[in-house]
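Visitor: Numbering of the sequence shown is given in full-length UniProt numbering, commencing with residue 1 and proceeding in unit increments.
Hints may be right or wrong, so weigh each one.
Straight-line distance between alpha carbons at most 25 Å, and here's what the computed DSS-like set of lysine-lysine pairs gives [as the list claims (entries may be wrong)]:
| no. | residue 1 | residue 2 |
| --- | --- | --- |
| 1 | K141 | K35 |
| 2 | K191 | K69 |
| 3 | K31 | K19 |
| 4 | K108 | K35 |
| 5 | K203 | K141 |
| 6 | K35 | K19 |
| 7 | K203 | K191 |
| 8 | K31 | K108 |
It should be emphasised that the hints constitute simulated quantities derived from the structure, not laboratory data.
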Amino acid sequence: MQAEKTHRSRRIPPKRYRKATPEEYLEFEYKAERKNEYVTGEIRPMSYTSENHGLLVANLIILLGTALKGSNCRVYPSDRMLHVPETGNFYYPDVMVVCGDSQFFQYKQRMQATLNPTVLIEVLSETTSDYDETIKWHSYKRIKTLQQYIRVHQNLMLLELYTRVGNSNDWLNTEAELPDQTVMIGGCEVKVSEVYEHVALVKK
Numbered sequence: 001m002q003a004e005k006t007h008r009s010r011r012i013p014p015k016r017y018r019k020a021t022p023e024e025y026l027e028f029e030y031k032a033e034r035k036n037e038y039v040t041g042e043i044r045p046m047s048y049t050s051e052n053h054g055l056l057v058a059n060l061i062i063l064l065g066t067a068l069k070g071s072n073c074r075v076y077p078s079d080r081m082l083h084v085p086e087t088g089n090f091y092y093p094d095v096m097v098v099c100g101d102s103q104f105f106q107y108k109q110r111m112q113a114t115l116n117p118t119v120l121i122e123v124l125s126e127t128t129s130d131y132d133e134t135i136k137w138h139s140y141k142r143i144k145t146l147q148q149y150i151r152v153h154q155n156l157m158l159l160e161l162y163t164r165v166g167n168s169n170d171w172l173n174t175e176a177e178l179p180d181q182t183v184m185i186g187g188c189e190v191k192v193s194e195v196y197e198h199v200a201l202v203k204k
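Using the sequences plus the hints, can you model the full thing?
Guide: Structure representation (C-alpha cells):
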C-alpha cells in the first residue's frame with residue numbers, strides 16, 4: 001500500500017491553461033508578444049520550435065510556393081491565424097494553403113483569421129504530436145474546404161497524409177518514408193528528400 005501511495009505522488013499533474021471566452025482570447029492575442037492558440041475554451045501558448053521544425057517548415061514553404069506560382073493558390077507560414085467556426089477554435093498551422101478568394105473571420109477591424117484552407121500541415125514534435133493527432137485533427141476535418149491534412153515527423157523521415165475522398169467526410173490515409181518517394185500536396189508533386197533537406201534525422 002505504501003508503494004502505491006509513493007507511485008501516485010510522483011505523477012505529473014496535467015498541464016493547466018488559462019480559461020477564456022473567444023472575445024477574451026482575441027483581445028489577449030491582439031496584445032500578446034507570442035502567439036497563442038485557442039482550443040476548447042483555453043488559451044494555449046505556442047511551443048518552442050527546434051531547428052528541424054524550422055527547416056521543415058521553410059522547405060515546405062519554398063517547395064509549395066514555387067509549385068503554386070501562376071495558380072490561384074498560395075501558401076502561408078505559421079503566423080497566419082486559422083479559425084474553425086464548427087469548434088470555435090483558433091489555430092496557427094505550421095503551413096497553410098488557400099485556393100481561390102480568401103474568406104476571413106474578422107475581429108473589430110484589427111484581426112483576421114482564415115476560414116477556407118485547402119491544405120493544412122503540422123510538423124510534429126514530442127510535445128505536440130498527441131495534440132496534433134487528436135484535438136487538432138478532430139477540429140481540422142470539420143473544415144468543409146479542407147482537402148488534405150499532413151503530419152510531418154521532424155526526427156525521422158515520415159509524412160502522414162490524410163486526403164479527402166471526393167466531397168465525402170471520408171479520408172484516405174497514406175504514408176511516405178523513402179527519400180525517392182513523391183507525394184501530392186495540394187496538387188503539387190513534392191519529393192520526400194526535398195522536404196527533409198538539411199534536416200538532421202535520428203538514425204534507425
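Visitor: Has the given pair, K141 with K35, been kept, meaning a C-alpha gap of at most 25 Å?
Guide: Cα-Cα ~23 Å, so holds.
Visitor: For the pair supplied as a hint, K31 and K19, is the alpha-carbon distance within the 25 Å limit?
Guide: 17 Å, holds
Visitor: Check whether the Cα positions of K31 and K108 lie no farther apart than 25 Å.
Guide: 14 Å, holds
Visitor: Below or equal to 25 Å on CA atoms is what counts here, so check K203 against K141.
Guide: Distance ~33 Å between K203 and K141 Cα, so the pair is violated.
Visitor: Just to be careful, I want the Cα atoms of K108 and K35 compared with a cutoff of 25 Å; is the pair within it?
Guide: Cα-Cα ~19 Å, so holds.
Visitor: Take the C-alpha atoms of K203 and K191, compute the straight-line distance between them, and say whether it is at most 25 Å.
Guide: 20 Å, holds
Visitor: Holds or violated: K35 and K19, Cα atoms, limit 25 Å.
Guide: 16 Å, holds
Visitor: Does K191 pair with K69 here, judged by a C-alpha cut-off of 25 Å?
Guide: 18 Å, holds
Consistency with the previously given hints fails for number 5 only.
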